[in-house]
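Protein chains in written order, with our numbering: chain W, 1 to 224; chain F, 1 to 174.
For the record, the hints were derived by calculation from the structure and aren't laboratory data.
Please note: incorrect hints may appear among the correct ones.
To be verified - Cut-off 25 Å, straight-line C-alpha distance, at most; resulting in silico cross-link-like pairs (SDA-like, lysine to any residue):
| # | chain 1 | residue 1 | chain 2 | residue 2 |
| --- | --- | --- | --- | --- |
| 1 | W | Lys-10 | F | Leu-124 |
| 2 | W | Lys-10 | F | His-161 |
| 3 | W | Lys-10 | F | Ala-17 |
Just so it is clear, the structure is predicted and the values come from calculations on it, not from any experiment.
Chain by chain, the residues run as shown.
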Amino acid sequence: MSVDLEALIKDVLARKATELNLIGVRRRPRRIGLLWRGAAVVATLLLALIIGVELGLLREQLRQPAAVPSTVPTAVGAASSPSTVEDVVRAEITRLRPRLAFVPWIPGTPLTGGLVASVHLQTDGTAGTPYVLIEYRRDAGGPVVVQVLEGPANCCLDSVRAGQAMNVQITPSVRGQYIPNEPQFGGPILWWDTPNPPAYLAITSTALDSAALVVFARSFLAAE
Amino acid sequence: MTLRSRVSGSSVRDAQAGNAVAQESVLRSLAAALLPFAATLAANHREADILVGDTLSRVYERLAQLEDPEAVVAWARQTMLRLFIDQKRRYLRRREFSIESVIVAAPQVDNAAALDLRHAVDRLGPPERALLVLHYWVGMNLEECAQELGVPLGTVKSRLHKLLKRLRAEVGGQ
């Protein structure tokens, strides 16, 4: 077998170089003063006391026989809770699908690096059309770093001013529009209409550059 | 040369004078410039994140000593290279900065040789991996590599020869 080793090395290193995208730089918090440290110790002790009391009460309750058969509904998927971010997104989109007027699409490329994902149903105020909103955050309460909006085909961004957007080839037959918004305005947007099954998809991010958005966009597959 | 990001000399001078906004801006720009370099050097994204964080911490600590503010990116890259090669991670215990990154996996390669090569590269020792990255990704010639790595030119040549032989064997070439 003949391999152009040097070309292959360059290709492998170039791929490695583009895989990571910077989200943020964090400075280690300054050391807290003695007073605050004391307050933190007291607060921790109080918390431990409260938890201890609560656990005691819970144990007491568990000792009591159940008054009614356990027919309390559980959360969807609780028995086999999804483990990865992609699993969460896939499970949630599958759950929401019966409420949608279009076939939703599921991202195939893993967005990792400690991100958490949440999937919401959003309803258009005038037409009542339900949309899917996937939000990726660094942590549960943090700002959204990547957002995906899915709706019926031709639903949304169709009136961008000429010259504002750039054509981007998502697949050989699908062309998207890239709008280079600055991060302070929510970051760049990549949107496109899928032909089969038809849907509108848009990704916006303060963390991903144009190349990363396209890689992410290319990974979407229609929910089966 | 792949480290294209520029950090302006004037913002570095402001940062050296203690301007907190300039310091943050310089470190953020350096992080963006260094992350691709760290990603090629490191075997995984966690290692790359730590490497950038360690480098930023050291750069922050010694920024005032930098004589040529225009050369801050090259200086930071060299700092990172030294930290990577000595692998001591002295800054782990007192790291001032950390970064967070997100992975967007490149499209799957359909080439088995590329996959084998990637695994082989990730298994190389730090000096060999650093040489590979400097020569094939940064685009340095062998003399520049020798200077950057602080070893004689002959060492770089023989190291690269052995390295290519080994990698060729790993991907099944002759």
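Each hint, compared with the structure:
1. W:Lys-10 with F:Leu-124: holds, 16 Å
2. W:Lys-10 with F:His-161: holds, 16 Å
3. W:Lys-10 with F:Ala-17: Given pair W:Lys-10, F:Ala-17 is violated - Cα atoms ~40 Å apart, limit 25 Å.
In summary, the structure is inconsistent with hint 3 from the numbered list given earlier, while agreeing with all the others.
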